[in-house]
Each structure stands twice: as structure tokens, then as C-alpha cells.
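A.B. asks: Heads up: the sequence lines are chains A and B, in that order. Counting along the first sequence from 1, when you hit position 55 you're at 54 in numbering that gives the first Met the number 0, and nothing is skipped either side. Counting along the second sequence from 1, when you hit position 80 you're at 79 in numbering that gives the first Met the number 0, and nothing is skipped either side.
Worth flagging that the hints you see were computed from the coordinates, not collected in a lab. Be careful, since some hints might not be right.
[Unchecked claim] List of simulated lysine to any residue pairs, SDA-like, C-alpha gap at most 25 Å: (1) A:39 x B:53; (2) B:51 x A:51; (3) B:21 x A:68; (4) B:51 x B:64.
[Stated by the list, open to error] Examples of chain A residues toward chain B, derived with CB under 7 Å: (5) 8; (6) 15; (7) 19; (8) 23; (9) 33; (10) 34; (11) 35; (12) 45; (13) 58; (14) 75.
In this text, all values refer to a predicted model and were calculated from it rather than measured experimentally. For each residue, glycine too, the CB sits at the ideal point set by N, CA and C.
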Amino acid sequence: MAEGFDEATQKELATFMDNERARARVNQSIHTLTSMCWDKCVTGTPSTSFSRSEESCLANCVDRFLDTSLFLVKRIEQSRQEMTGSQL
Amino acid sequence: MSLFGSSFSGSSASPADMAARKEAIMASVRGEIALANAQELMNKTNEKCFEKCVTKPSTSLSSSEQTCLSRCLDRYMEAFNIVSKAYTARISKEAPLLASQ
Numbered sequence: 000m001a002e003g004f005d006e007a008t009q010k011e012l013a014t015f016m017d018n019e020r021a022r023a024r025v026n027q028s029i030h031t032l033t034s035m036c037w038d039k040c041v042t043g044t045p046s047t048s049f050s051r052s053e054e055s056c057l058a059n060c061v062d063r064f065l066d067t068s069l070f071l072v073k074r075i076e077q078s079r080q081e082m083t084g085s086q087l
Numbered sequence: 000m001s002l003f004g005s006s007f008s009g010s011s012a013s014p015a016d017m018a019a020r021k022e023a024i025m026a027s028v029r030g031e032i033a034l035a036n037a038q039e040l041m042n043k044t045n046e047k048c049f050e051k052c053v054t055k056p057s058t059s060l061s062s063s064e065q066t067c068l069s070r071c072l073d074r075y076m077e078a079f080n081i082v083s084k085a086y087t088a089r090i091s092k093e094a095p096l097l098a099s100q
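Make a model of the complete structure from these sequences and hints.
C.D. replies: Pasting the structure below:
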């Protein structure tokens with residue numbers, strides 16, 4: 000990957016890249032969530048500031064989306080267990 | 000093939016030289032990520048604000064459309080910050096739970 004570097008530096012760079020990749024992934028999620036929650040929460044013509052309800056809608060939107068994700072994973076896991084249970 | 004270009008292929012590099020090259024690589028990676036980020040935000044605001052503010056495209060942008068666009072730009076940035084704060088708060092709350100599983 001980076002020739003001419005000693006082992007410690009190579010390791011440091013690998014860790015750096017891993018961290019940057021992780022941060023880029025988080026950032027990408029924030030872009031996607033902003034786009035999604037904008038469509039859901041900001042319905043009128045944009046004014047000079049957000050209303051209270053728009054602001055809390057945006058924050059709630061993030062938390063509920065993540066709740067949805069966790070909920071669905073749990074449901075799928077549940078029905079998978081029921082299926083394997085009935086096969087036994 | 001080298002990920003960071005072959006101009007750095009000196010085999011007998013001094014430690015200071017190596018540290019400088021390391022810093023250069025890190026700075027360039029950070030710069031590219033920041034650029035990609037800004038571009039993504041730019042594309043999104045363009046898409047969202049065009050949709051919201053330019054409902055019936057005419058021969059030029061009217062002053063009310065321009066007002067709407069600049070407000071929309073500010074609000075989209077604000078929305079990005081709100082979402083970012085909520086998301087990172089949630090992540091840092093949940094990360095210890097995930098790690099313990």
C-alpha cells in the first residue's frame with residue numbers, strides 16, 4: 000500500500016484509513032437521514048428559521064428511523080426462530 | 000499498484016522524511032473526504048431546494064424564488080446539523096451496548 004514506510008507507520012496509516020472510512024460511513028448516513036427527514040418534516044416553504052415542531056420532528060425522525068431498524072431486525076429474528084422451532 | 004502514487008517510492012527514507020510523507024497522505028485523504036462531503040451536501044441542497052422553490056420554471060429565477068432558495072439553503076444546512084447531532088448522540092449512546100453484546 001505505501002512502500003518505504005516502516006511497520007509502525009504502515010500500521011498507523013492502516014488505522015487512520017479504517018477510522019476515516021468509518022467516519023465517512025457515518026457521514027453518508029447523516030446525508031441520507033437529512034434527505035429523508037427533510038422530506039418528512041419540512042413541508043412548507045422554507046422560512047427564516049425552523050418552527051419548534053419542525054425542529055423536534057427532525058430530531059425525532061432520526062431516533063425513530065433507528066428504532067424502526069432495530070424493531071424490524073428483532074421481528075425478523077423472531078419469525079426466523081419460530082420457523083426453525085416449528086421445523087424441529 | 001500503490002494506492003498513494005508511486006512518487007513516494009524512495010527506499011532509503013529518513014524518519015523525518017517518512018513522517019512528512021505520512022502527514023501528506025493523511026492530509027490528502029482528509030481533504031478528499033471533506034470535498035466529497037461538501038459535494039454531497041451541495042447536490043442535496045440543489046435537488047431539495049429546486050424542488051421546493053422553483054415549482055414552475057420560467058425564463059429566469061424570480062426574486063421570490065431567490066429568497067426561497069437562500070432560506071432553503073440555510074434551513075437544509077440547519078437540518079443537516081440537527082440530524083448530525085441526533086445521530087451522533089444516538090450512536091454514542093448505543094455503541095457501548097453493541098460492544099458488550
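A.B. asks: Now tell me, hint by hint, if it's right for this structure.
C.D. replies: Comparing the hints with the structure gives:
Between the alpha carbons of residue 39 of chain A and residue 53 of chain B the distance comes to roughly 19 Å, so the proposed pair stays at or under 25 Å and holds. At most 25 Å may separate the alpha-carbon atoms for a hinted pair to count; residue 51 of chain B and residue 51 of chain A meet this at roughly 20 Å. Restraint check for residue 21 of chain B and residue 68 of chain A: not satisfied, since their Cα atoms lie roughly 39 Å apart, outside the 25 Å limit. For the suggested pair residue 51 of chain B and residue 64 of chain B, the alpha carbons sit about 9 Å apart, so the restraint of at most 25 Å is met.
A distance limit of 7 Å between C-beta atoms decides the matter here; for residue 8 of chain A the minimum to chain B is near 6 Å, and the interface restraint holds. Contact between residue 15 of chain A and chain B, as hinted, is supported at the beta carbon level, the nearest pair being about 6 Å apart and thus within 7 Å. Interface hint at residue 19 of chain A: satisfied, since its Cβ lies 6 Å from the closest Cβ of chain B, which is below the 7 Å cut-off. With 7 Å as the threshold, the beta carbon of residue 23 of chain A comes within range of chain B, its nearest partner Cβ sitting at about 6 Å, so the hint holds.
Because the closest C-beta pair between residue 33 of chain A and chain B is about 5 Å apart, less than 7 Å, the hint holds. Using the Cβ-Cβ criterion of 7 Å, the hint placing residue 34 of chain A at the interface with chain B is satisfied: the shortest such distance is roughly 6 Å. Because the closest C-beta pair between residue 35 of chain A and chain B is about 9 Å apart, greater than 7 Å, the hint is violated. Restraint check, residue 45 of chain A versus chain B: the minimum CB separation of about 4 Å is within 7 Å; hint holds.
Given hint, residue 58 of chain A at the interface with chain B, holds; its Cβ is 4 Å from that chain's nearest Cβ, closer than 7 Å. With a cut of 7 Å, the hint placing residue 75 of chain A at the interface with chain B is violated, because the nearest CB-to-CB distance is about 17 Å.
In terms of the numbered hints stated before, the structure departs from hints 3, 11, 14, listed from lowest to highest.
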